[in-house]
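These are the residues of each chain, in order.
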Amino acid sequence: MSMLIYLIPVALFLGALALLAFLWALRSGQYEDLDGAAERVLLDDEDEPQTPAKR
Amino acid sequence: MSCCAPGADGFAGGVQSLPSDDEVRFSARNLGDGVFQTELSVPAVHCGACIRSIEAGLGRLDGVEAARVNLSTRRVTVRWRGEALPPIVATLARLGYAPTVFDEPEGEKDRTLSELLVAVAVSGFAAGNIMLLSVSVWSGAEGATRDLFHWVSALIALPAMFFAGRIYYRSAWGALKHGRMNMDVPIAIGITMAYALSLYETIHSGPHAYFDASVTLLFFLLIGRSLDHVMRERARTAVKGLARLAPRGALVIGAGGARDYLALSEIEPGMRLLVAAGERIPVDAVVEAGLSDIDRSLVSGESAPQKVAEGDAIQAGTLNLTGPLTLAATARAEDSFLAEMLRMMEAAEGGRARYRRIADRVSAAYAPVVHLTALATFLGWMAATGGDWHRAVTVAIAVLIITCPCALGLAVPIVQVVAARRLFEHGIMVRDGGAMERLAEADVAVFDKTGTLTLGHPRLQNLQQIAPEALAAAAALAANSRHPLSQAVAVYDEGKGPVFEAVAERPGLGVEGRAEGSLWRLGRAEWARGDGASGEAADEGTVLSRDGAVLARFEFDDAIRPDAREALAELEDRLGPVEMLSGDTARACRRVADRLSIAHVEAGLMPADKVARIEALARQGRKVLMVGDGLNDAPALGAAHVSMAPATAADIGRNAADFVFLRDSLSAVPVALDVSRRAGRLVRQNVALAIVYNVFAVPVAILGYVTPLIAAVAMSTSSIIVIANALRLGRVRR
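Line by line, the protein sequences give chains A and B.
The numbering used here applies: residue 54 is where the first sequence begins, and numbers increase by one.
The numbering used here applies: residue 1146 is where the second sequence begins, and numbers increase by one.
With the rest of the complex left out, here is chain A:
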């Protein structure tokens, strides 16, 4: 049972990490063009990375 002392915080920490990753993705605009992201994967690599339009 003493394992719980470690396991519960570990579980929570990992969950929180995923949550933070999601929030970061949301904030950096990765959910603004879902259809576009799906298509851009198929485009050939450009010579230089396109600078995303600043908002």
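Rather than coming from a laboratory, the hints here were simulated on the basis of the structure.
Keep in mind the model is a prediction, meaning the values are calculated, not measured.
The C-beta atom is built at its ideal place from N, Cα and C for all residues, glycine as well.
Incorrect hints may appear among the rest.
Stated by the list, open to error - Interface residues of chain B toward chain A, partial, derived using beta-carbon atoms under 7 Å:
#  : residue
1  : 1193
2  : 1197
3  : 1215
4  : 1216
5  : 1217
6  : 1257
7  : 1259
8  : 1262
9  : 1266
10 : 1270
Let chain A serve as the given structure and place chain B on it in line with the hints.
Chain B only, in chain A's frame:
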């Protein structure tokens, strides 16, 4: 070139005027440091190759720093540097993606969606972790371990309740403050009570805590709400991206002859405006100089273009077809015809404002019943146990938790999300779920003529009677003109006609050019024959002439929308006879009505007359579906129980309509009706399912047999059943 023909998506084509560079320059946002940002809507974008060709095409222009396409919203953001606007519009048009300017107040990004997504993420995180702990409790954790698990759950649930729950608290509070009831009220009460009870149990080392129930409930409901929001947002941006018909401003000629592009609101009566061919008239005005033809079809419903010359008054919103005009403004924008229509529309807003959505009606009946049941349970247990209030409160709250309308909260939005998606596939945009409910109730259909039953542009009618050589010559000549009649002929241009030189458009008369040593004219008969020398009296027909000799005579009629006959037949089948209300002449109406076999026709109507007719029907208790496109239809669209407009409609007509269909075919109307009715049936089934669930669950709760495990299983099952039922709408083939 674009990878696929523009408009391949089935978007209504037609003559589209591009925004002028002045207008684009005017709407650019200054980012500082000499950098400007322009956002344009490009409705034709629809695949990865489109992204590539636009971004590469714009990126090559001088002065353009970056171009980025957003495929979901079908917009392109261009950052550019310098004084002069790079030829963005021309480049996009050349690539096959005609852009349009859209209106969006600065910073008006979709905040609600990101708030909802964050709330979904937080409640999902909390639900997952709490469920992990709850399963351990249900599997037999006891004593100190169970208390520890409960405490950890309470800690995780607390921020989720505040953060994710506030969406429901805010909405519930808003409803209660106005003395109304919505579905969020019982939800807010349910989750709060569940949390409070669980906290009390945890503090007193009780065996039952419902943290998982309250948080999973939030999680499920937020998913439903986010989907609902995404659906509406998608329709909204699609409608917004359509071509603006009202200009943002106009080119004003100042005292010293200087030309300035001024915003609509800055235009004062007396100012001199310059309106090029192909642009819309910004405000009511009088022609000072110039000669042109004016297309009034969106304003008054008249299908034939009208000739204007010096001294003629023009209404705002009409389209200048053939020649540049210098106008003197006679009214400010807010006193113009357009503004008058907006005021009439507000005054007419009737049936829709009073309509209450099914979800609100159900919850208005449901919430008091549930809350009274909980109260009765409490009193009953108090009496039965002789005043054991802890037991009584626990059972009463368990009743609240089990009846918390999770399934009911999902029952309506999920069906409407699926239905909206199906409509989207047919090119129909829905404003909100309530629109579908109202459409399902409609019992009489009323149509406008020009631009609604017809496409709003003329079509050559006597093709068989025209000699092929004459047609080829006429088409080659007509290709040089913007006049709708010319464009109807130019469709047949296959490059076989002679090559014309010195082509000139004569506003109000026609178009002429030189080829093979003679003068060719296409236009009004007396002009084409030359100075009206012939003995025939006023002849209004359109002819092709060569050195004054008539080669062919062209007759036109307004092209009926594809599938109009079938669509109307289907509507008559379901709703009874359709009516046609038009501002056009009785003769033009009769022609269309005869071809579509519409019995009830009213012609020559003013906007107020249309509203009056709809209100008369409403007084008879009829629920009117109005389909129209013009500025003159906007008040009627607002007055009707539910309304539809084609994508080519005037801006305010589109904004007034509940449904906007993007394709030419009129079959959108019966499709929308059909999907809405099926959605209505599924909504009622879902509500019934949710109630049946309660009929079984509530007695168990009242008798005090509910444990957190039973609550979790029961609520999840009912939600899944409701969702599965909603998805049936997606499968059924039409």
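(request) Enumerate the violated hints, using their earlier numbering and listing them in ascending order. (result) 6
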